[in-house]
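Read off the chains here:
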Amino acid sequence: MRPPGATSQPRLPARIARGIAKLLYPFVVLGVAWWGLAGWLDRPFAVPTPGDTWDRAIDLWRGDIFGMASLRKSLLLTVTRIALAFALAATTGVIVGSALGRVRWFRQMFGPLVVFGFPIPKLAIYPGIVIALGLGMSSKVVLGYLEAFFPIVLATSAATSQVPEKLLWSARSVGYGRVGLVTGVVLPAAAPGILTGLRVGLVGAIIGVFLGEMIFPSSGVGAIMVGSYRTIDAPGVYVAVASISVIGFVADQLFLSGRRRLLHWSPEGA
Amino acid sequence: MTEILRIHNLHKVFPGKRRRDRPVVAIGDVDLDVSAGEFISIVGPSGCGKSTLLYIIGGFLKSSSGVVEFNGAPITGPAPARGIVFQAYGLFPWKTVLGNVEAGVATRGLPRAARRQEARRFLDIVGLSDVERLYPSALSGGMQQRVAIARTLAQDPELLLMDEPFGALDAQTRAQLQTELLDIWELSHKTVVFVTHSVEEAIFLSDRVIVLGHRPSIVREVIHIPVPRPRLRETVLEHPEYPALNRRVWDLLEAPAC
Amino acid sequence: MLTLDRRQVVLGLLGVAVLGVIWQLATTHVTRMTTFPNTLEAGGAALAQLVDPEFWRQLRVSGFRWACGLGLAVGIGVPIGLVMGRHRRVHAVVDPLLTAMYPIPKASLILLFVLLWGAGNGARIVAIATGAIIPVIVSSYHGAAGVEERLLWSGRSLGWRAGRSMLSVVFPAALPQILNGIRIAISISIFVLVGSELLVRGSGIGNYLFNFYDVGQNSKVWGTALALAIVGWLLDSAYVAVVRLATPWMDGQV
Numbered sequence: 001m002r003p004p005g006a007t008s009q010p011r012l013p014a015r016i017a018r019g020i021a022k023l024l025y026p027f028v029v030l031g032v033a034w035w036g037l038a039g040w041l042d043r044p045f046a047v048p049t050p051g052d053t054w055d056r057a058i059d060l061w062r063g064d065i066f067g068m069a070s071l072r073k074s075l076l077l078t079v080t081r082i083a084l085a086f087a088l089a090a091t092t093g094v095i096v097g098s099a100l101g102r103v104r105w106f107r108q109m110f111g112p113l114v115v116f117g118f119p120i121p122k123l124a125i126y127p128g129i130v131i132a133l134g135l136g137m138s139s140k141v142v143l144g145y146l147e148a149f150f151p152i153v154l155a156t157s158a159a160t161s162q163v164p165e166k167l168l169w170s171a172r173s174v175g176y177g178r179v180g181l182v183t184g185v186v187l188p189a190a191a192p193g194i195l196t197g198l199r200v201g202l203v204g205a206i207i208g209v210f211l212g213e214m215i216f217p218s219s220g221v222g223a224i225m226v227g228s229y230r231t232i233d234a235p236g237v238y239v240a241v242a243s244i245s246v247i248g249f250v251a252d253q254l255f256l257s258g259r260r261r262l263l264h265w266s267p268e269g270a
Numbered sequence: 271m272t273e274i275l276r277i278h279n280l281h282k283v284f285p286g287k288r289r290r291d292r293p294v295v296a297i298g299d300v301d302l303d304v305s306a307g308e309f310i311s312i313v314g315p316s317g318c319g320k321s322t323l324l325y326i327i328g329g330f331l332k333s334s335s336g337v338v339e340f341n342g343a344p345i346t347g348p349a350p351a352r353g354i355v356f357q358a359y360g361l362f363p364w365k366t367v368l369g370n371v372e373a374g375v376a377t378r379g380l381p382r383a384a385r386r387q388e389a390r391r392f393l394d395i396v397g398l399s400d401v402e403r404l405y406p407s408a409l410s411g412g413m414q415q416r417v418a419i420a421r422t423l424a425q426d427p428e429l430l431l432m433d434e435p436f437g438a439l440d441a442q443t444r445a446q447l448q449t450e451l452l453d454i455w456e457l458s459h460k461t462v463v464f465v466t467h468s469v470e471e472a473i474f475l476s477d478r479v480i481v482l483g484h485r486p487s488i489v490r491e492v493i494h495i496p497v498p499r500p501r502l503r504e505t506v507l508e509h510p511e512y513p514a515l516n517r518r519v520w521d522l523l524e525a526p527a528c
Numbered sequence: 529m530l531t532l533d534r535r536q537v538v539l540g541l542l543g544v545a546v547l548g549v550i551w552q553l554a555t556t557h558v559t560r561m562t563t564f565p566n567t568l569e570a571g572g573a574a575l576a577q578l579v580d581p582e583f584w585r586q587l588r589v590s591g592f593r594w595a596c597g598l599g600l601a602v603g604i605g606v607p608i609g610l611v612m613g614r615h616r617r618v619h620a621v622v623d624p625l626l627t628a629m630y631p632i633p634k635a636s637l638i639l640l641f642v643l644l645w646g647a648g649n650g651a652r653i654v655a656i657a658t659g660a661i662i663p664v665i666v667s668s669y670h671g672a673a674g675v676e677e678r679l680l681w682s683g684r685s686l687g688w689r690a691g692r693s694m695l696s697v698v699f700p701a702a703l704p705q706i707l708n709g710i711r712i713a714i715s716i717s718i719f720v721l722v723g724s725e726l727l728v729r730g731s732g733i734g735n736y737l738f739n740f741y742d743v744g745q746n747s748k749v750w751g752t753a754l755a756l757a758i759v760g761w762l763l764d765s766a767y768v769a770v771v772r773l774a775t776p777w778m779d780g781q782v
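Chains as they are written, first to last, in the working numbering: chain A, 1 to 270; chain B, 271 to 528; chain C, 529 to 782.
Honestly, the hints are just simulated from the structure, not real lab data. Built from N, CA and C at the ideal position, the CB exists for glycine as well. Any given hint could turn out to be false.
Quick list of the computed label-pair ranges, beta carbon to beta carbon [claimed, not checked]:
(1) A:LYS22 <-> C:SER731: 36 to 44 angstroms
(2) C:ARG692 <-> B:ARG290: 44 to 52 angstroms
(3) C:VAL621 <-> A:ARG261: 22 to 30 angstroms
(4) C:ARG535 <-> B:GLY347: 25 to 33 angstroms
(5) C:ARG535 <-> B:ALA525: 19 to 27 angstroms
Derived coverage of chain A by chain C (criterion: at least 3 residues anywhere in the stretch with Cβ under 8 angstroms from a Cβ of chain C; other residues may be distant) [to be verified]:
(6) 73-86
(7) 90-99
(8) 117-124
(9) 166-178
Once the Cα atoms are required to be at most 30 angstroms apart in a straight line, the calculated DSSO-like pairs of lysine-lysine come out as [unchecked claim]:
(10) A:LYS22 <-> B:LYS460
(11) B:LYS460 <-> A:LYS73
(12) B:LYS365 <-> A:LYS73
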């Protein structure tokens, strides 16, 4: 007799095929819609054809467009900034969030500040940040960091404060010490909520860095988008949008599969 | 018989939730002595502090005043020697069934290989060997409680505390687990302090039933259950003194607060 | 969470004070940070903006765009989400599209829309709507999907068909989730609004702020930013208060 909880799955190749179809289908739909729209509108300065966009992408990749950095270099820069911003936000966010969730005086003192900070449009402060830190990498990473930090802190704070007390008591009665309780019980128990917050934070980092590159363009994919826009190079604009979309989509999917792996024990973590 | 748990003049007060609320006296004045190898139950009306009493014995809450001693020494915090089984949230959801029981075994300081073997032994005792690789979320309520019991037994505690462990289960599963618990207890004869709402359950399982009164609680009466062991459900229900015992406990529970 | 006891208030204010002091010290002593205004300057600049009629005039221009964009997102997003919640096939079709669009920075799409429609209000409103629509759809979906089956059966036994059920059962039952989604959409739409105005100049509060940057009036840059932050916070608080007043049966779920 099968123990309860085991589910029957369709065979592996079928599952993989279905999964890939599910991933690709929106791009197929968007691609077809785009192609149809470009053909019907016939305004290459407003909506370029996918063909023109692809050609421009190749030009940009090779660095053949005058006045514009190569797509290859820009992608690397943008991705590096995003990774940096997210890594910083994730570590500080989880630590601060855990403190907020579990240390009463800390939450009472700094909780209101975090709640206040959340709905502030960080973009409004961005020019101020650039005044202080200049046009280089750091201001864009800071913006990405701020956009990522708040959702991570809030989600971590909520998740760590909701760990069932009895679970902690069970752990103490099997000998978990103070540190062990935090790393071995609080964090695993709060993991579903924390990982959801990290996902939102990842998107925040992407948005922050990209918009930072657009508003004060110096390098990166955002600079390509704005640079193309200013020279009415519609295919260039679309190349940039497609690039950031791919970055975002891939990052999000990687994150989701990582989350599934980490939460394989959880009934809803699948 | 050696006294393993000694409670004298125990008093527990909780401060009110907000500044202006009055403090809540959860436990008024409780005396309780438990000898090694005894199975005692604590029953009482809702809110009378029976769970609080258990948590103080477990070391998770501190008493406000009074003596609480385990093997002659005051209780200062949780310890593997006083294992506890909760009604829910006792298992680590991210560990497998075997992993959870191993966590209990780990308190005994055995080498790695022996740990796994020991864990399997306890899983076998509760009859769940074939689900050792599953996660708690895949199990039914009754099975989860069995795993919780296995884990706590694996600690080899001197004192086994049980906080309404079968309270969330349906009647049939509950009856089944009660019988299994007694079977396990007959083998090991650990000292058990069992908190429950159910009068029938208390009488069926224990040597003595401690009846607490309304908040602020005191021990209203200690009722000795003369049914011989090992006990079968029929022998208890058909015992000549059962109806009187049952009635006595219910009367005490329904009596108005002093 | 609503009951404030004295300790909470004291500690909360203390937290703000600590932050203010740290900021003051950092901006006056740490070299990299001296170009930030210190606490007193920042506070003063923010107040100066809040009493400046030009600030409010620009805010009104932006506010119009924001309201239209948000309204569009809610008007389209809620029905889509509700239908997704009750019809699995619709969900299967729409959900992957949403997942694919989720990581794209919607504020950047303003450039695409301007290429299509020029730099007027139309492009800006559409940009704001695309940003705000995803949280609205997702929360409406979750609200509708979580409706207790038995509520719908009650409606059926009264003879209600699908459309009436949607309006009289699904929508009210999903309301807490929807209102929560709208709250999130509010902060996202403000973000897209400011972003679009920083990217495509012309008018509006973002443009107003950027102008100060262009002429090097740094304290006014900060003042406008903080004033905007205060307005954003007030808006969020006002929303929560209005929702709680208007829906007493929901018991503070928003």
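Tested hints:
A hinted range of 36 to 44 angstroms holds for the C-beta pair LYS22 of chain A and SER731 of chain C, which are about 43 angstroms apart. For ARG692 of chain C and ARG290 of chain B, the Cβ-Cβ distance of about 49 angstroms falls inside the hinted range of 44 to 52 angstroms, so the restraint holds. One distance hint, 22 to 30 angstroms for the beta-carbon pair VAL621 of chain C and ARG261 of chain A, holds here, with the actual separation near 28 angstroms. One distance hint, 25 to 33 angstroms for the beta-carbon pair ARG535 of chain C and GLY347 of chain B, holds here, with the actual separation near 27 angstroms.
Under the hint 19 to 27 angstroms, the C-beta atoms of ARG535 of chain C and ALA525 of chain B, about 40 angstroms apart, miss the expected range. Counting residues of the segment 73-86 of chain A whose CB lies closer than 8 angstroms to any CB of chain C gives 0, which falls below the minimum of 3, so the coverage claim is violated. Here the segment 90-99 of chain A counts 0 residues with a CB under 8 angstroms from a CB of chain C, which misses the bar of 3, and the coverage is violated. Counting residues of the segment 117-124 of chain A whose C-beta sits closer than 8 angstroms to any C-beta of chain C gives 7, which meets the bar of three, so the coverage hint holds.
Using a Cβ-Cβ cut-off of 8 angstroms, 0 residues of the segment 166-178 of chain A lie near chain C, which falls short of the minimum of three, so the contact claim is violated. Proximity of LYS22 of chain A to LYS460 of chain B is assessed by CA-CA distance (about 57 angstroms); at most 30 angstroms being required, the pair is judged violated. Under the criterion of a C-alpha separation no larger than 30 angstroms, the hint pairing LYS460 of chain B with LYS73 of chain A is inconsistent with the structure, at around 70 angstroms. Restraint check: the Cα-Cα separation between LYS365 of chain B and LYS73 of chain A comes to about 44 angstroms, which exceeds 30 angstroms; the hinted pair is violated.
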